[in-house]
Every structure is written in structure tokens, then in C-alpha cells.
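The whole structure should be built from the sequences, with the hints applied where relevant.
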Amino acid sequence: MSNEELMLTPEGLDELKAELEELKTVKRKELAERLKVAISYGDLKENSEYHSAKDDQAFMETRILQLEKMLTKARVVHSSDASTVSIGSFVKLNDLEFKEIVEYRIVSPAEADAYNNKISYESPLGKELIGKVVGDTISVTAPMGVIKYEVLDIRAN
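If you read the sequence shown in the working numbering, its first letter stands for residue 159, the second for the next number, and so on.
What the hints contain is simulated information worked out from the structure, not anything from laboratory work.
Where a beta carbon is used, it is the ideal one built from N, C-alpha and C, also for glycine.
Please note: incorrect hints may appear among the correct ones.
Unchecked claim - Have a look at the derived ranges for each label pair, beta carbon to beta carbon:
no.: 1; residue 1: Glu180; residue 2: Ser210; range: 15 to 25 Å
no.: 2; residue 1: Met302; residue 2: Glu226; range: 31 to 41 Å
no.: 3; residue 1: Ala300; residue 2: Tyr199; range: 19 to 29 Å
no.: 4; residue 1: Ser206; residue 2: Asp239; range: 50 to 60 Å
no.: 5; residue 1: Glu258; residue 2: Asn205; range: 28 to 38 Å
no.: 6; residue 1: Asn275; residue 2: Asp239; range: 18 to 28 Å
no.: 7; residue 1: His209; residue 2: Asn275; range: 31 to 41 Å
no.: 8; residue 1: Lys203; residue 2: Glu258; range: 48 to 58 Å
no.: 9; residue 1: Lys187; residue 2: Asp294; range: 44 to 54 Å
no.: 10; residue 1: Thr220; residue 2: Glu258; range: 37 to 47 Å
no.: 11; residue 1: Lys227; residue 2: Ile288; range: 20 to 30 Å
no.: 12; residue 1: Leu310; residue 2: Ala190; range: 50 to 60 Å
no.: 13; residue 1: Lys306; residue 2: Ser241; range: 21 to 31 Å
If you want it as C-alpha cells, here you go:
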């Protein structure tokens, strides 16, 4: 992660804080208990439960450090202007080739979740949408070719 600011929606900031709190309070205790039980099995060289718990612990501690670093660089962005697409905006698009209406929320890379239609402002589609207004047409290069969208609606959060 670079040294630049991480722009987050208010919800994204809350989610990162909640994840950090969960890891530090609940998950650390659970892993400590798993390690205690695994150690009680004896010989640590061939103790798969112990090695699994240690791997999980290393992953969790790395994630805690990532979250803490992200939160120190976080800047909350409030999308209050619905006239142009910005971070936090909900954008309704018309896929001009397939005549399909899709809606996305523009969020930070840390909040991106394709399954919930949250796309990063750093993604190809997100980059194209920032600053656009209703009626604009954009072209996005995707693995299957160029996709054209028309901006139908913009809502602030």
C-alpha cells in the first residue's frame, strides 16, 4: 500500500474499524485458545493443529497491521453532490450493447465488493465514471472488449 491517502465512504471507515476491533478482541482470543489446545496435544513438529493455528495467527496479525495502516491514511469522503459522479455516489448505467440497466456504488479499493455492486474508483469503470454527469456516455475496455455505458442517474449517499 502506498503512502497516499485512502479515501473512504463513511460506511467503509466504519467497516474497517469494526473488522479491526473484531480481530483484536474476539479473533485474537479465539486463536490463543486454539494454540493452547494444540500445544496440549504434545509434539509440535508434527502437530498440524498447532501449525494451522500459527499460520492463521500470522495472517491475522498481518491483517491487523494492514488495517491500522489504512486507518491512519484514511480520509472520509462525503458524496453530497448528485450532479457528478464522485466517491460514494450511486450510479445507474445503461449497458448500450446489451440494453441492461446496472447500478454501482463508487467506493475505495478497500471497500470494493463486486458481489454487492461496489466498484473501486481505481477500477477501469470507476476511473471512467468519476466526474461524469447524467447523459454522458463512457467506453471501458474489458477482457471481452470495449463496453459502452450511458449514465442514467446519480445519487449521493
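Status of the hints after comparison with the structure:
no.: 1; hint: Glu180 with Ser210: 15 to 25 Å; verdict: 20 Å, holds
no.: 2; hint: Met302 with Glu226: 31 to 41 Å; verdict: 39 Å, holds
no.: 3; hint: Ala300 with Tyr199: 19 to 29 Å; verdict: 50 Å, violated
no.: 4; hint: Ser206 with Asp239: 50 to 60 Å; verdict: 55 Å, holds
no.: 5; hint: Glu258 with Asn205: 28 to 38 Å; verdict: 53 Å, violated
no.: 6; hint: Asn275 with Asp239: 18 to 28 Å; verdict: 21 Å, holds
no.: 7; hint: His209 with Asn275: 31 to 41 Å; verdict: 39 Å, holds
no.: 8; hint: Lys203 with Glu258: 48 to 58 Å; verdict: 57 Å, holds
no.: 9; hint: Lys187 with Asp294: 44 to 54 Å; verdict: 51 Å, holds
no.: 10; hint: Thr220 with Glu258: 37 to 47 Å; verdict: 39 Å, holds
no.: 11; hint: Lys227 with Ile288: 20 to 30 Å; verdict: 25 Å, holds
no.: 12; hint: Leu310 with Ala190: 50 to 60 Å; verdict: 52 Å, holds
no.: 13; hint: Lys306 with Ser241: 21 to 31 Å; verdict: 22 Å, holds
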